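Given next are the chains, with one letter for each unit.
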Amino acid sequence: MAAASFTAAKFLAPVAARSGGERAPPLPAGASSSSFARTLRRGGAHHPRLRTAFAVSSDLLAGNKAAQAAATHPAVTREEALELYEDMVLGRVFEDMCAQMYYRGKMFGFVHLYNGQEAVSTGFIKLLNQADCVVSTYRDHVHALSKGVPARSVMAELFGKATGCCRGQGGSMHMFSAPHNLLGGFAFIGEGIPVATGAAFAAKYRHEVLKESSPDGLDVTMAFFGDGTCNNGQFFECLNMAQLWKLPIVFVVENNLWAIGMSHLRATSDPEIWKKGPSFGMPGVHVDGMDVLKVREVAKEAIERARRGEGPTLVECETYRFRGHSLADPDELRKPDEKTHYAARDPITALKKYIIEQNLATESELKSIEKKIDDVVEEAVEFADASPHPPRSQLLENVFADPKGFGIGPDGTYRCEDPKFTQGTAQV
Amino acid sequence: MAAAASSALHAVGAVASAKPRSAAPAVARRRSVRVAAAAKGGPGSSGRGRMVARSAVAAKADEAAAAAGSKSGGHELLLFEALREALIEEMNLDPTVCVIGEDVGHYGGSYKVTKGLAEMFGDLRVLDTPIAENSFTGMGVGAAMKGLRPVVEGMNMGFLLLAYNQISNNCGMLHYTSGGQFKIPIVIRGPGGVGRQLGAEHSQRLESYFQSIPGLQMVACSTPYNAKGLMKAAIRSENPVVLFEHVLLYNLKEKIPDEEYICCLEEAEMVRPGEHVTILTYSRMRYHVMQAAKTLVNKGYDPEVIDIRSLKPFDLHTIGNSIKKTHRVLIVEECMRTGGIGASLRSAIIDNFWDYLDAPIMCLSSQDVPTPYASTLEDATVVQPAQIVAAVEQICQ
Chain A
77 MAAASFTAAK FLAPVAARSG GERAPPLPAG ASSSSFARTL RRGGAHHPRL
127 RTAFAVSSDL LAGNKAAQAA ATHPAVTREE ALELYEDMVL GRVFEDMCAQ
177 MYYRGKMFGF VHLYNGQEAV STGFIKLLNQ ADCVVSTYRD HVHALSKGVP
227 ARSVMAELFG KATGCCRGQG GSMHMFSAPH NLLGGFAFIG EGIPVATGAA
277 FAAKYRHEVL KESSPDGLDV TMAFFGDGTC NNGQFFECLN MAQLWKLPIV
327 FVVENNLWAI GMSHLRATSD PEIWKKGPSF GMPGVHVDGM DVLKVREVAK
377 EAIERARRGE GPTLVECETY RFRGHSLADP DELRKPDEKT HYAARDPITA
427 LKKYIIEQNL ATESELKSIE KKIDDVVEEA VEFADASPHP PRSQLLENVF
477 ADPKGFGIGP DGTYRCEDPK FTQGTAQV
Chain B
22 MAAAASSALH AVGAVASAKP RSAAPAVARR RSVRVAAAAK GGPGSSGRGR
72 MVARSAVAAK ADEAAAAAGS KSGGHELLLF EALREALIEE MNLDPTVCVI
122 GEDVGHYGGS YKVTKGLAEM FGDLRVLDTP IAENSFTGMG VGAAMKGLRP
172 VVEGMNMGFL LLAYNQISNN CGMLHYTSGG QFKIPIVIRG PGGVGRQLGA
222 EHSQRLESYF QSIPGLQMVA CSTPYNAKGL MKAAIRSENP VVLFEHVLLY
272 NLKEKIPDEE YICCLEEAEM VRPGEHVTIL TYSRMRYHVM QAAKTLVNKG
322 YDPEVIDIRS LKPFDLHTIG NSIKKTHRVL IVEECMRTGG IGASLRSAII
372 DNFWDYLDAP IMCLSSQDVP TPYASTLEDA TVVQPAQIVA AVEQICQ
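In the order they appear, the protein sequences are chains A and B. My numbering numbers the first residue of the first sequence as 77 and each following residue consecutively. My numbering numbers the first residue of the second sequence as 22 and each following residue consecutively.
For the record, the hints were derived by calculation from the structure and aren't laboratory data. Some hints here could point you the wrong way.
DSSO-like, lysine-lysine: derived pairs with alpha carbons at most 30 Å apart [said to hold, decoys possible]:
#  : chain 1 : residue 1 : chain 2 : residue 2
1  : A       : 496       : A       : 202
2  : B       : 136       : A       : 287
3  : A       : 447       : A       : 429
4  : A       : 280       : B       : 276
5  : A       : 443       : A       : 429
6  : B       : 315       : B       : 346
7  : B       : 133       : A       : 322
8  : B       : 315       : B       : 276
9  : A       : 411       : A       : 448
10 : B       : 136       : A       : 322
11 : A       : 429       : A       : 448
12 : A       : 376       : A       : 429
13 : A       : 280       : B       : 133
14 : A       : 322       : A       : 351
15 : A       : 428       : A       : 411
16 : A       : 443       : A       : 376
17 : B       : 345       : A       : 496
18 : B       : 133       : B       : 274
19 : A       : 322       : A       : 287
20 : A       : 496       : B       : 346
21 : A       : 182       : A       : 447
Some chain A residues flagged as far from chain B (calculated, every beta-carbon gap over 10 Å) [stated by the list, open to error]:
#  : residue
22 : 156
23 : 159
24 : 186
25 : 290
26 : 313
27 : 341
28 : 343
29 : 383
30 : 414
31 : 419
32 : 436
33 : 454
34 : 474
Given the structure is predicted, the values throughout are model-derived calculations rather than measurements. No residue lacks a Cβ here, since even glycine has one placed at the ideal position from N, Cα and C.
Hey, can you work out the whole structure from these sequences and the hints?
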């Protein structure tokens, strides 16, 4: 499809009608993960140069009756559906609470909320093992939650408290959790991608050089970033290296159409980001990022592919943020009809509808999940509020992993041995 | 804070940069050598010039003795070979040590520091990267977060300006922002400094750019002995370390011990003990200073020359002890004047040793100009021995 014909109107068109010529036929609901591979093979037969290029569009939740009718069984089990639902609700409720706390003066700085994009975080991260890594951006709270970082640790971090997941030293845009292999929120555009590539390199290295074998295959790294990042050099550099060395990584583009106030269509010569995968020899997939089941299906294939050592995948999730870029963004440029269009496609509402239609759970069961999450988030706020501020003694503690980095003082001892360093009152 | 552990290390005078995982056999020796050299240059007798000349020779002889002090007599090699030897030893000791950079593998490195390593350790441990400095440096950070100890080579250190974000935001800050959860034991190294008519971009003085990054240590090597010892220490450090090598020093020859040794990352090196003035220098300027020292000795001066080696943090003990003895300080550096190492060093000396100073601190830096191509102008950009002589004469008036 020529870039010129790819207009804003296209983005506003119903998802099922959006894909281009390489698009696979509508997938029946409940289509197994192998559809991804099947599409790959089929594409290979007809378009050798585009053998890894294909798009997956959503039919499952978009009201495609034919596809739904073709389903013989739901795409997810009841347990899976409830897990996804719970995680998405957690993301939403948590972020709404952040907005409240921000306006109440409990947290400061730049706070970027994830509302609307939950299907991406949940769809990918809930498939990961503990040892798999997540590298995020400044919009990282919900990635942390999906990866299992307790809501109270994230909230306490946002409150700048000592009990936060980074002891109050990171803040909204720098969430880390070593036990969960959350390798961080990276606040500058694109800088997380090389770090993620390095983590994937380390996984390959552990396997091939250190001969550490895992029955599951390689540990996989997810690099999350937005449409704006895809015009940054690090994106291209790392796509190249990851494919060159067949690293176990999935590049997940959360295309929410806006880089603060820069429309994706004003910034990008060819707005179909997924097409850049095949340019580097890796599969590029376009998926409806408002459809958690479709995201999950694509994610499953991409993650398994990485785990098997077959290399990276580029996945473009078309999604939308329901709030401004950050809580400081007046959000004046996005048109009301665009917002309305995506609001009607709320991924949580859609999943809820699907769960009930498929008789996976009852409305009251979902209500009780919502109640449970409300309690979790309430508790997180209470915990964060009651937690202590970091003491002064914390100031100099993590500047160097080895505090000898502060050097040798005039008396010949290491400066870090001075009590003022442990008290945090030394001048450095 | 691991202050207690570090204090134990330092208390025995061992090389404190040794990581717990590995003993540091030959390090204590190095320190005692230093002390011995200092003692030798101690209070002079009659005939200042003669005395100084002798101690200059003695200091030099000492180094050779230190090198040859090993049972097997040591071995002679060039500075780039010493760096290579350090890499090979550390890679043999620790399988998580790997090399990442442009042409480090099959090509053997632009200055042959990694020559033959790819054959010895394989393409994954000696990773030839595409030309993508910020991305492969960031990869080094990610790999370090996941337990590797990457040595990232800037083919020319100036190229690492392209990786400035990764060096600053990720290498320097990430341990802190993560609340101490992730360590970045990475070494960033490469050929830098003003070479011979390489033009402005390849003749960078980068220390000033990197020195204010929190969480980063910086060392500069100047001899085959300290090049090897500092490289090993940098690899073993839990902190991100930038190791500055100088393009014009790669072919320096020296005899170094056959036994394993490492140098202390945070310690300065006494090059020539003296009484009249403390000259603080590092990297290539060490040799301009030593050239000047010969003239100064002939003129009757007895300068103490210290290679500060650790550009961040400064070894205030060695520096301070010298100032307490000489009461006069000259800083000689190749770094930029504005915001350079010399500027920081001068302020650290004023803060800590003001009362011991009998003269204003002088600082000879290179000029704040893009390094010119023409040799006459290039020479005028960096400090020359004659300027050093003149500065000492002025300070000691």
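Against the structure, the hints:
About 45 Å separates the Cα atoms of residue 496 of chain A and residue 202 of chain A, which puts this hinted pair outside 30 Å; it is violated. With a C-alpha separation of about 25 Å, the suggested pairing of residue 136 of chain B with residue 287 of chain A holds against the 30 Å cut-off. Among the hinted pairs, residue 447 of chain A with residue 429 of chain A is consistent with the structure: their alpha-carbon atoms are about 18 Å apart, no more than 30 Å. A threshold of 30 Å between alpha carbons decides the hint, and for residue 280 of chain A with residue 276 of chain B the separation of about 39 Å lies outside it, so the pair is violated.
A hinted pair counts as satisfied when its Cα atoms are at most 30 Å apart, and residue 443 of chain A with residue 429 of chain A qualifies at roughly 13 Å. Taking the CA atoms of residue 315 of chain B and residue 346 of chain B, the gap is near 21 Å; set against the 30 Å cutoff, the hint holds. Of the pairs offered as hints, the one joining residue 133 of chain B and residue 322 of chain A holds, with about 28 Å between alpha carbons and a cut-off of 30 Å not exceeded. Among the hinted pairs, residue 315 of chain B with residue 276 of chain B is consistent with the structure: their alpha-carbon atoms are about 22 Å apart, no more than 30 Å.
Proximity of residue 411 of chain A to residue 448 of chain A is assessed by CA-CA distance (about 35 Å); at most 30 Å being required, the pair is judged violated. For the suggested pair residue 136 of chain B and residue 322 of chain A, the alpha carbons sit about 26 Å apart, so the restraint of at most 30 Å is met. Of the pairs offered as hints, the one joining residue 429 of chain A and residue 448 of chain A holds, with about 19 Å between alpha carbons and a cut-off of 30 Å not exceeded. For the hint pairing residue 376 of chain A with residue 429 of chain A, the CA-to-CA distance comes to about 23 Å; that is within 30 Å, so the pair holds.
Between the alpha carbons of residue 280 of chain A and residue 133 of chain B the distance comes to roughly 27 Å, so the proposed pair stays at or under 30 Å and holds. Taking the CA atoms of residue 322 of chain A and residue 351 of chain A, the gap is about 18 Å. The hint holds against a cut of 30 Å. A threshold of 30 Å between alpha carbons decides the hint, and for residue 428 of chain A with residue 411 of chain A the separation of about 27 Å falls inside it, so the pair holds. The hinted pair formed by residue 443 of chain A and residue 376 of chain A meets the criterion: a straight-line CA distance of about 28 Å does not exceed 30 Å.
Our distance criterion of 30 Å between C-alpha atoms is met by residue 345 of chain B and residue 496 of chain A, whose separation comes to about 25 Å. At roughly 15 Å between alpha-carbon atoms, residue 133 of chain B and residue 274 of chain B fall within 30 Å of each other, so this suggested pair holds. As the CA atoms of residue 322 of chain A and residue 287 of chain A are separated by approximately 17 Å, the hinted pair is consistent with the 30 Å bound. Annotation: proposed proximity of residue 496 of chain A to residue 346 of chain B holds, straight-line Cα distance about 28 Å (limit 30 Å).
Among the hinted pairs, residue 182 of chain A with residue 447 of chain A is consistent with the structure: their alpha-carbon atoms are about 23 Å apart, no more than 30 Å. For residue 156 of chain A, the condition that its CB be more than 10 Å from all CB atoms of chain B holds, with the nearest at approximately 29 Å. Look at residue 159 of chain A: its CB is around 26 Å from the nearest CB on chain B, clear of 10 Å, so calling it non-interface holds up. Listed as a non-interface residue, residue 186 of chain A keeps its Cβ farther than 10 Å from every Cβ of chain B; the least gap is roughly 14 Å.
At roughly 14 Å from the closest C-beta of chain B, the C-beta of residue 290 of chain A stays outside 10 Å, upholding its exclusion from the interface. Its beta-carbon lying about 4 Å from the closest one in chain B, residue 313 of chain A breaks the requirement of being farther than 10 Å from that chain. Against the 10 Å criterion, residue 341 of chain A stays outside the reach of chain B, whose nearest CB is about 27 Å from its own CB. For residue 343 of chain A, the shortest C-beta to C-beta distance to chain B comes to about 20 Å, beyond the 10 Å cut-off, and the non-interface label holds.
The claim that residue 383 of chain A is not at the interface with chain B holds, since no C-beta of that chain comes within 10 Å of its own (minimum 16 Å). Once the 10 Å rule is applied to beta carbons, residue 414 of chain A is consistent with being away from chain B; the minimum gap is 33 Å. Against chain B, the non-interface label of residue 419 of chain A holds: every CB pair exceeds 10 Å, the least being about 34 Å. For residue 436 of chain A, the condition that its CB be more than 10 Å from all CB atoms of chain B holds, with the nearest at approximately 37 Å.
Interface exclusion of residue 454 of chain A from chain B stands, the closest Cβ pair being 25 Å apart, more than 10 Å. With a least CB separation of 4 Å from chain B, residue 474 of chain A falls inside the 10 Å interface cut-off, contrary to its annotation.
Violated hints, listed in ascending order, are 1, 4, 9, 26, 34; each of the other numbered hints is respected by the structure.
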